[in-house]
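Starting from the given sequences, assemble the full structure and let the hints guide the process.
Listed below are the residues making up each chain.
There are 2 protein chains.
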Amino acid sequence: MDRRQQKTRKAIFAAFNKLLEEKHFNNITVQEILDEANIGRSTFYSHFETKDALLKEMCTDIFDHIFSHELHSETSHDFSSSDHGLQEKITHLLYHLKDNRGNVLGVLSGESGELFMKYFKEYLAAMFRQYPECIRQDVPREFALNHLVGSLAEAVKWWIGTKMEMPPEEAAEDYLKLIGYDH
Amino acid sequence: MDRRQQKTRKAIFAAFNKLLEEKHFNNITVQEILDEANIGRSTFYSHFETKDALLKEMCTDIFDHIFSHELHSETSHDFSSSDHGLQEKITHLLYHLKDNRGNVLGVLSGESGELFMKYFKEYLAAMFRQYPECIRQDVPREFALNHLVGSLAEAVKWWIGTKMEMPPEEAAEDYLKLIGYDH
DNA sequence: TTGATAATGAACAAAGTGTCTGATATAGTC
DNA sequence: GACTATATCAGACACTTTGTTCATTATCAA
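Top to bottom, those sequences are chains A and B. Counting in this note's numbering, the first sequence runs from 2 upward without gaps. Counting in this note's numbering, the second sequence runs from 2 upward without gaps.
One or more hints might be untrue.
Copies of the same chain look alike in the list, so a pair counts if it works inside one copy or between any two.
Straight-line C-alpha distance at most 27 Å; calculated BS3-like pairs for lysine-lysine [stated by the list, open to error]: (1) K11 / K52; (2) K164 / K8; (3) K122 / K11; (4) K164 / K19; (5) K11 / K90; (6) K99 / K11; (7) K57 / K99; (8) K178 / K19; (9) K52 / K90.
FYI, nobody ran anything at the bench for these hints, they're computed from the structure. Computed from a prediction, not measured in an experiment: that's the story for all the values here.
Structure (structure tokens):
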């Protein structure tokens, strides 16, 4: 890819990210992104169709990176204690978030959090599907899966909101307690 | 209140509601509300400062109605089995949603669901605070409360999304199982 | 009936969007 | 280094949406 394109794309992402920490997605104008990234109007539109497309691409970038380990790691975890495998995976995920590569923090805890949660949950669902034994059998499967995904997403959001005071290990352990996997 | 105002307000709410079922809040223009409600531009702005204010007022209206029973009902439930009190309360809440007075359905399950969830959760938090014994003591209180609220909100949203196939009693019971209150 | 007030409709400035232009600068290739 | 392709630029453009204003008309409550 042309260096100029890389540079522009990077500048747009950085500007967008900074603005997202300050204000809600809906209240960010293309003009503000232009000014912050210091690029021309037509340049922006040659990279992204709309502001929504920019958001989507950014989410993909961020979460693909964060979950690359979580999802593609060989499922070689200890099957005799598979819940520990999950606990480690969640701990790892939280550490990853704490590293804050790609600036997920501002994005997930910020005013536009809801928008990102949608994408975040898709990745979480894929993760949980790797642990079918965690999904209770005495309630409808989709109901149970939705519970796991939704509550973990909410827990992560809350954790970020508290500036990640709790250590990742503790947060992961407490979460597993709450969903009833603390044997 | 002047009949004219009532009529206008009602028309605006109805129009807004209809539009919310069709498209996302962000993509609804004031002009569309005006046309749908068949009122003048200046009339709208004499009732609501902005589109956001309209959303907020609508949420208050809807949830105040739904939770009026839940929250103000004398906490005269059987303390010896207080979790059953909660189960009944949730069941009651689901029935209320099924009645769909105020058209919560389109609103919670629609494209703009995220916006309403925020308000919905505030009411749910108030509800759970009436059942302190449901909040686990072995994890930080706020973490536990956030889990209850977040997961119930997600469960309700999921339930609505499935056209409320499961009977309220069953959904409430399953939810309590998932949060570990199925003794 | 009458005085108060709500609704009307039309016009308005301001701000934002997405498109298009021709000129300029810079990248990758030979 | 020269050459070609193309990314960026600046700015203008038509268009949509927003929120305000005002004079006029219709409706309410007493």
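Status of the hints after comparison with the structure:
With identical chains, the CA atoms of K11 and K52 are at most 27 Å apart within one copy only, with a shortest distance of 15 Å there and 34 Å across copies. Taking identical chains as interchangeable, the C-alpha atoms of K164 and K8 are never at most 27 Å apart, the minima being 31 Å within one chain and 47 Å between chains. Only within a single protomer do K122 and K11 lie at most 27 Å apart by alpha-carbon distance; the minimum there is 25 Å, versus 37 Å between protomers. For the homomeric pair K164 and K19, the shortest alpha-carbon distance inside one copy (18 Å) is at most 27 Å, but the shortest distance between copies (40 Å) is not.
Taking the shortest Cα distances, K11 and K90 never come within 27 Å of each other, neither inside one copy (30 Å) nor across copies (51 Å). For the homomeric pair K99 and K11, the shortest alpha-carbon distance inside one copy (22 Å) is at most 27 Å, but the shortest distance between copies (48 Å) is not. With identical chains, the CA atoms of K57 and K99 are at most 27 Å apart within one copy only, with a shortest distance of 22 Å there and 34 Å across copies. With identical chains, the CA atoms of K178 and K19 are never at most 27 Å apart, being 36 Å at best within one copy and 42 Å at best between copies.
Proximity of K52 and K90 under a CA criterion of 27 Å is satisfied in neither setting, with 33 Å inside one chain copy and 42 Å between copies.
Of the numbered hints stated above, those contradicted by the structure are hints 2, 5, 8 and 9, listed in ascending order.
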